[in-house]
Amino acid sequence: MESSESIYLPRPAEIVEAVKLTQREKFFEVRLADGTALGHSPGQFVEVSIFGVGEAPISVSSSPTKKGNAFELCVRDAGSLTSVLHGLPKGASIGIRGPFGRGFPVDELKGHDLLFVAGGLGIVPLRSLINYAVDNRDAFGSLTLLYGSRTPADMLFTDEVERWKTVPGFKVETTVDLADASWDGHVGAITKLFGYAEIDPARTMAVTVGPPVMFRFVLKSLLAKGVYESRIYLSLERRMKCGVGKCGHCQVDDVYVCQKGPVFPYTRLRKLQEAL
Amino acid sequence: MHLYAIKKSGLGAFVDSLISAYEVVGPAPKEFKNAYSKIGSFSELALGYNTTLLPPKKYLIPQREEIISYELGGGFTAKPIIDGTKRVIFGVHSCDLHGIWLLDDIFAEGSQDAHYLARRGNTFIVGIDCKEPCWEHSFCKSMGTLKPAGGYDLFLTDLGDVYGVQVGTKAGESLLEHGAFAPASYAMKDAFFEAWSRKLSEFPDRINFDTDRLPALLAEAYDDLIWDALEERCFDCGACTVVCPTCYCFDVLDEARLDMKSGVRYRKWDSCQLQGFAAVAGGGNFRGKRSDRLRHRLLRKGKYFKEKFGRFACVGCGRCGRACLVHIDVMQVFNQVGSKG
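Order-wise, the sequence lines are chains A and B. Residue numbers in the first sequence follow the numbering used here, run continuously in steps of one, and reach 848 at the last position. Residue numbers in the second sequence follow the numbering used here, run continuously in steps of one, and reach 412 at the last position.
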């Protein structure tokens, strides 16, 4: 029964870029010390380690199509690990375990129109899929992103969002809950943006990531637009402490989110009573 | 079947020989109860014990287990900590053997947990038959754990002047050289089977329905008021999970040494009954209600593991019912859930 490799041992990695994006979020480009690529698929996560502080699950934000072997994280200063991480400079060493979990079903998405619905930090994991689709533009039909933030200052990757608007066949709509003088776009809940989206239910796969309160309203809007239940994917946030299906923290009913998720088809989640 | 025997008068020499070769732990008196403890001689063992305070899981998943040591400076170097202690857990009852069997599955399934597997591989388990129901909270017979189904290296059954000894593994066979074991006589084998059939008839069936129905009954009870009713009593102290032979959830924490340049990462027992168990850094708590936490635990025990591994994650030992300050008793909850039909 013995196996000498510990599944809890992180690999050394280096922060090669660190940029503050908003008041609360910081962007990190990370490279594994052995120079290898992370080897993730869009929607997977890693465990970030800072010895002496601890470990936390963080979504990978870059697409595997990104050039070079570095990958990207975007982290909110929200807990003990992330607050120390925010203070680390370029060149600092961190530990990485993973990638873990099941990401977006890239192969099933191919050939379809994609509707991305992101609320708040949900754009961070979704960005890995969006850039994957942009980099493999021919493999997909039309692309639509509906992206809602609390305020204009909370909006992440604003330059990239502008760039996506220039990609042929990519429609981008953004909204904020609370506007300020700098904002001349939509104001209100993300569901409002569905009025601006052209959705062909026969061709559309919908992928949504956001806070739990958002899911119910987004699901309702998706179903109202005629999107098939079997073509809706959601990514769940849970406390994925160990990432390897042991510690118990991320369970939804009998399902370890770190193993079977974080991305699930809606048809699966509607049978898990603790999920939504 | 192949059965060995050892005279009761010879058991002390066997255990003392094991002590000279390995760390030996077993049930020993502690205050007014019994607890698994490291023993220095056979005389410290209380083999007629009813049930220990904690199950023997503490030797396989210690309450605090250091899993990685690290050093900082120009990055970090980290090494796994794998326990290599050769240990004998002596005197394990059938219910706890079933508990260990489930832990084996959990830590070997999917991503293998080298820390657990190393401990398990270095551990000999000598089980012993309990002769009578240990207390009113236990319902092993109903949960199908009255007899061991494996998971032991040796298993002793009291046959009067001798113990009948079943050998479960090659490792168990290697332990035989430590004592005066001999093949059991036909009369001893008869006594062995008689002891088991007597046990089967004497132990009470305390679940009022066929437990094959338990997963379906719990599924039906998912939205029942029973969880809200239990919530009014539960203090979410987590005692039930501490004493449970199959509760294994853990948290992982770092501890720096005073030089702040080195330290350890360790895991410690956690409990799904504690308020913050499913809380995330952003402030969300995905099981913030006590009733939801109680339901989660009971469904893990009576439904989820049964569906996954074919066996219940409740072995019917009754420790949780006894440890509970407000007398929430799994046996009673199962019976309540079953009473609806």
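Keep in mind the hints are simulated off the structure, nothing from the lab. Some hints could be false.
The calculated DSS-like cross-link candidates involving lysine-lysine, where the alpha carbons are at most 30 angstroms apart (straight line), are [as the list claims (entries may be wrong)]:
hint, chain 1, residue 1, chain 2, residue 2
1, B, 270, B, 218
2, B, 150, A, 662
3, A, 843, A, 682
4, B, 241, B, 202
5, A, 843, B, 377
6, A, 638, A, 792
7, B, 360, A, 792
8, B, 339, A, 832
9, A, 598, B, 332
10, A, 832, B, 79
11, A, 843, B, 129
12, B, 270, B, 129
13, A, 832, B, 218
14, B, 411, A, 843
15, A, 843, B, 379
16, A, 832, A, 682
17, A, 662, B, 332
18, A, 662, A, 764
19, B, 270, A, 832
20, B, 332, A, 592
21, A, 592, A, 682
22, A, 832, B, 377
23, B, 218, B, 157
Remember, predicted model here, so these are calculated numbers, not experimental data.
Restraint check for residue 592/A with residue 682/A, where alpha carbons must lie at most 30 angstroms apart: 34 angstroms, violated
Restraint status (C-alpha distance of residue 339/B to residue 832/A at most 30 angstroms): Holds, at roughly 25 angstroms.
Holds or violated: residue 843/A to residue 682/A, with C-alpha atoms at most 30 angstroms apart: 26 angstroms, holds
Restraint status (C-alpha distance of residue 843/A to residue 129/B at most 30 angstroms): 36 angstroms, violated
Proposed proximity, residue 218/B with residue 270/B (alpha carbon, max 30 angstroms): 9 angstroms, holds
Pair hint residue 411/B and residue 843/A, alpha-carbon separation not exceeding 30 angstroms: Distance of about 23 angstroms is within 30 angstroms: holds.
Hint consistency between residue 638/A and residue 792/A [alpha-carbon to alpha-carbon, up to 30 angstroms]: With Cα atoms ~34 angstroms apart, residue 638/A and residue 792/A exceed 30 angstroms; violated.
Hinted pair residue 332/B and residue 592/A, Cα distance within 30 angstroms: 28 angstroms, holds
Hint consistency between residue 598/A and residue 332/B [alpha-carbon to alpha-carbon, up to 30 angstroms]: 26 angstroms, holds
Hinted pair residue 662/A and residue 332/B, Cα distance within 30 angstroms: 20 angstroms, holds
Restraint check for residue 218/B with residue 157/B, where alpha carbons must lie at most 30 angstroms apart: Given that 30 angstroms is the threshold and the Cα spacing comes to 26 angstroms, the pair holds.
Hint consistency between residue 270/B and residue 832/A [alpha-carbon to alpha-carbon, up to 30 angstroms]: 43 angstroms, violated
The structure fails hints 6, 10, 11, 13, 18, 19, 21 (numbered hints given earlier, in ascending order).
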